[in-house]
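Chemist: Each chain is listed here by its residues.
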Amino acid sequence: MTKFRHLIWTLFAAVGLLMAVSPSFAQKPDVGDQPGLIADENVELDPQFKRTAVLYRTSEPPGTIIISTKDRHLYLVQGGGRALRYGIGVGRDGFQWQGLVNITRKAEWPDWTPPPEMIVRQPYLPRFMAGGPGNPLGARAMYLGTTVYRIHGTNRPDTIGTAVSSGCFRLVNADVADLYERVPVGTKVIIRQKPEL
Amino acid sequence: MFRTFRGGLLIGMAVAIAVAAIAITYERYDTKTLKRTIRRGDVLCGVNKGLPGFSIPDDKGNWIGFDVDFCRAVAAAIFDDPKKAKFVPLDASERFKELQSRKVDILSRNSTWSMSRETSNALYFPAVAYYDGGGFMLPASRKIDSGLELNDSKVCVQAETTTQLNLADFFRTNNMKYTEMKFSKLEDVIKAYDSGQCDTFTADISQLYALRLNLGKPGDHVILPDVISKEPLAPVVRQRDDDWMMIVKWTLYAMINAEELGITSQNIDEALKSKKPDVMRLVGTEGAYGEELGLPRDWAARIIRHVGNYGEIYERNVGEESKLKIPRGLNQLWSAGGIQYAPPIR
Numbered sequence: 001m002t003k004f005r006h007l008i009w010t011l012f013a014a015v016g017l018l019m020a021v022s023p024s025f026a027q028k029p030d031v032g033d034q035p036g037l038i039a040d041e042n043v044e045l046d047p048q049f050k051r052t053a054v055l056y057r058t059s060e061p062p063g064t065i066i067i068s069t070k071d072r073h074l075y076l077v078q079g080g081g082r083a084l085r086y087g088i089g090v091g092r093d094g095f096q097w098q099g100l101v102n103i104t105r106k107a108e109w110p111d112w113t114p115p116p117e118m119i120v121r122q123p124y125l126p127r128f129m130a131g132g133p134g135n136p137l138g139a140r141a142m143y144l145g146t147t148v149y150r151i152h153g154t155n156r157p158d159t160i161g162t163a164v165s166s167g168c169f170r171l172v173n174a175d176v177a178d179l180y181e182r183v184p185v186g187t188k189v190i191i192r193q194k195p196e197l
Numbered sequence: 001m002f003r004t005f006r007g008g009l010l011i012g013m014a015v016a017i018a019v020a021a022i023a024i025t026y027e028r029y030d031t032k033t034l035k036r037t038i039r040r041g042d043v044l045c046g047v048n049k050g051l052p053g054f055s056i057p058d059d060k061g062n063w064i065g066f067d068v069d070f071c072r073a074v075a076a077a078i079f080d081d082p083k084k085a086k087f088v089p090l091d092a093s094e095r096f097k098e099l100q101s102r103k104v105d106i107l108s109r110n111s112t113w114s115m116s117r118e119t120s121n122a123l124y125f126p127a128v129a130y131y132d133g134g135g136f137m138l139p140a141s142r143k144i145d146s147g148l149e150l151n152d153s154k155v156c157v158q159a160e161t162t163t164q165l166n167l168a169d170f171f172r173t174n175n176m177k178y179t180e181m182k183f184s185k186l187e188d189v190i191k192a193y194d195s196g197q198c199d200t201f202t203a204d205i206s207q208l209y210a211l212r213l214n215l216g217k218p219g220d221h222v223i224l225p226d227v228i229s230k231e232p233l234a235p236v237v238r239q240r241d242d243d244w245m246m247i248v249k250w251t252l253y254a255m256i257n258a259e260e261l262g263i264t265s266q267n268i269d270e271a272l273k274s275k276k277p278d279v280m281r282l283v284g285t286e287g288a289y290g291e292e293l294g295l296p297r298d299w300a301a302r303i304i305r306h307v308g309n310y311g312e313i314y315e316r317n318v319g320e321e322s323k324l325k326i327p328r329g330l331n332q333l334w335s336a337g338g339i340q341y342a343p344p345i346r
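Protein chains in written order, with the numbering used here: chain A, 1 to 197; chain B, 1 to 346.
What the hints contain is simulated information worked out from the structure, not anything from laboratory work.
The structure displayed is predicted, hence computed values, not measured ones.
Glycine included, C-beta positions come from ideal geometry on N, C-alpha and C.
Be aware that one or more of the hints could be misleading.
Some chain A residues close to chain B (C-beta under 8 angstroms, calculated; not the full set) [said to hold, decoys possible]:
# : residue
1 : 48
2 : 58
3 : 68
4 : 82
5 : 180
6 : 183
7 : 195
8 : 197
Taking lysine-lysine pairs in the DSS-like style, the calculated list, with each CA pair at most 30 angstroms apart, reads [claimed, not checked]:
#  : chain 1 : residue 1 : chain 2 : residue 2
9  : A       : 70        : B       : 275
10 : B       : 143       : A       : 106
11 : A       : 50        : B       : 143
12 : B       : 154       : A       : 50
13 : A       : 194       : A       : 70
14 : B       : 325       : A       : 70
15 : B       : 185       : B       : 154
16 : B       : 191       : B       : 230
17 : B       : 325       : B       : 86
18 : B       : 143       : B       : 86
19 : B       : 323       : A       : 194
Start from the sequences and build out the full structure, keeping to the hints where you can.
Modeler: Written as structure tokens, this is what we have:
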């Protein structure tokens, strides 16, 4: 009986503590970085963000990656008027960019060293995190040119289709692993942003 | 005397012929659609009686759909009020006759633009609103992702349709064999496919997406990205009424240009303050392009504010925000993988 009462009190205390702490959680911007969180790989993606073959006409050669920030889609050009389309998460407002880069490096279960400018904005982030299931870069990373940006996996599959990142492009782990196998270092990556008014 | 009589007769005959000719021309060709529309206070739109995604009344009786929104855009350009579009449901068989007899001002009713339709009915299809075409649906479990892998398939198809002819062409040109499983009623085609009697089902792609919703397990079926025929769906107007035709044509082009420039119903106020020349010409803060159409300068801004840009009406009615979820495909902008392309406003 005392044991039971003890348990009840512990529960009350835990709930109280959670309620006290949660406002401070809420004050942090949700930028989709939750180091340590193990990805729920069973998150059901919206159909438009599931990997799918689509009609896509382009003069870019097969093997080129075209990222459409506006639509949250990454296309891998297949030739013959089609492409493989993946759903992605993109940079939040002010963190979107466009241009032409190449994949300069590929890594499996990459370590994460948030760049200094990211640490300034989000001081609570770790300075270094070893690769693994709780790492926000997820299962694979493809490094874009000499930038700090990457195409990578995620431990937050629920953020696919949103604009929360610091400029990187995230895919669910199954998709990033699929893409990783299809593209070599040197692949051309074209990033297109919505036009400015 | 005789001479003058003959001269008078000649003049009289000439006048009579001229009057008759004018009368016939007047009967045959109507050049006053815009004037009449403004006097009447609304745009009469011929639409499909019920085609999900394109035009169908909702449970409150409001018309919704891609074709419906296009007509609302024309009304918005003229009246600054999309509610001035009035909808007249028309059957496929009567639609061109009803447009010709001036029962409607415009047909916005999933009609395929073809040469004979334009030439034999004295009609005009101003621009392609939606690129449709034949395609294939098949069970996802078959792991096929190209139409070229369909050799030796049993194909379900509705009999006596252009789809049936396109199917034959596609297999013949690609040196493939197939067994035709044809049915005269669409319901029977669907039933046959859903019960596993066919390897694949062919119809226009927009139709395949709509029909898939009614299958036992919609998620178990995929629609291939291949488009095997041309079914350009376009609004229709009467020939020889160029002013009206131009309004219809540029309404569509304004919506496509708006999407390309990133102008939406959400940011139109911001766009009105833009200093980018191509944005300014479209929304009317530079130049007077609308006035040459017989409309105010802000004609395009009205369309975008009330109805939206091309991508917005696509996604809302047939795309990702709708039940149909048809990928943009050919209807994506030319700069983003598709072929939707509008001449510039300048």
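Chemist: Now tell me, hint by hint, if it's right for this structure.
Modeler: Tested hints:
1. 48: 4 angstroms, holds
2. 58: 6 angstroms, holds
3. 68: Given a least distance of 6 angstroms, the restraint on residue 68 (chain A) holds.
4. 82: Holds. Min distance 5 angstroms.
5. 180: Given a least distance of 20 angstroms, the restraint on residue 180 (chain A) is violated.
6. 183: 18 angstroms, violated
7. 195: Holds, about 4 angstroms.
8. 197: Hint on residue 197 (chain A): holds, closest Cβ of chain B at ~5 angstroms, below 8 angstroms.
9. A:70 to B:275: 22 angstroms, holds
10. B:143 to A:106: 29 angstroms, holds
11. A:50 to B:143: 16 angstroms, holds
12. B:154 to A:50: 29 angstroms, holds
13. A:194 to A:70: 5 angstroms, holds
14. B:325 to A:70: With Cα atoms ~18 angstroms apart, residue 325 (chain B) and residue 70 (chain A) stay inside 30 angstroms; holds.
15. B:185 to B:154: 18 angstroms, holds
16. B:191 to B:230: It holds: about 26 angstroms lies between the C-alpha atoms, which stays within 30 angstroms.
17. B:325 to B:86: 27 angstroms, holds
18. B:143 to B:86: It is violated: about 46 angstroms lies between the C-alpha atoms, which goes past 30 angstroms.
19. B:323 to A:194: Answer holds: residue 323 (chain B) to residue 194 (chain A) is near 25 angstroms, not above 30 angstroms.
Checked against the numbered hints above, the structure violates hints 5, 6, 18; every other hint is satisfied.
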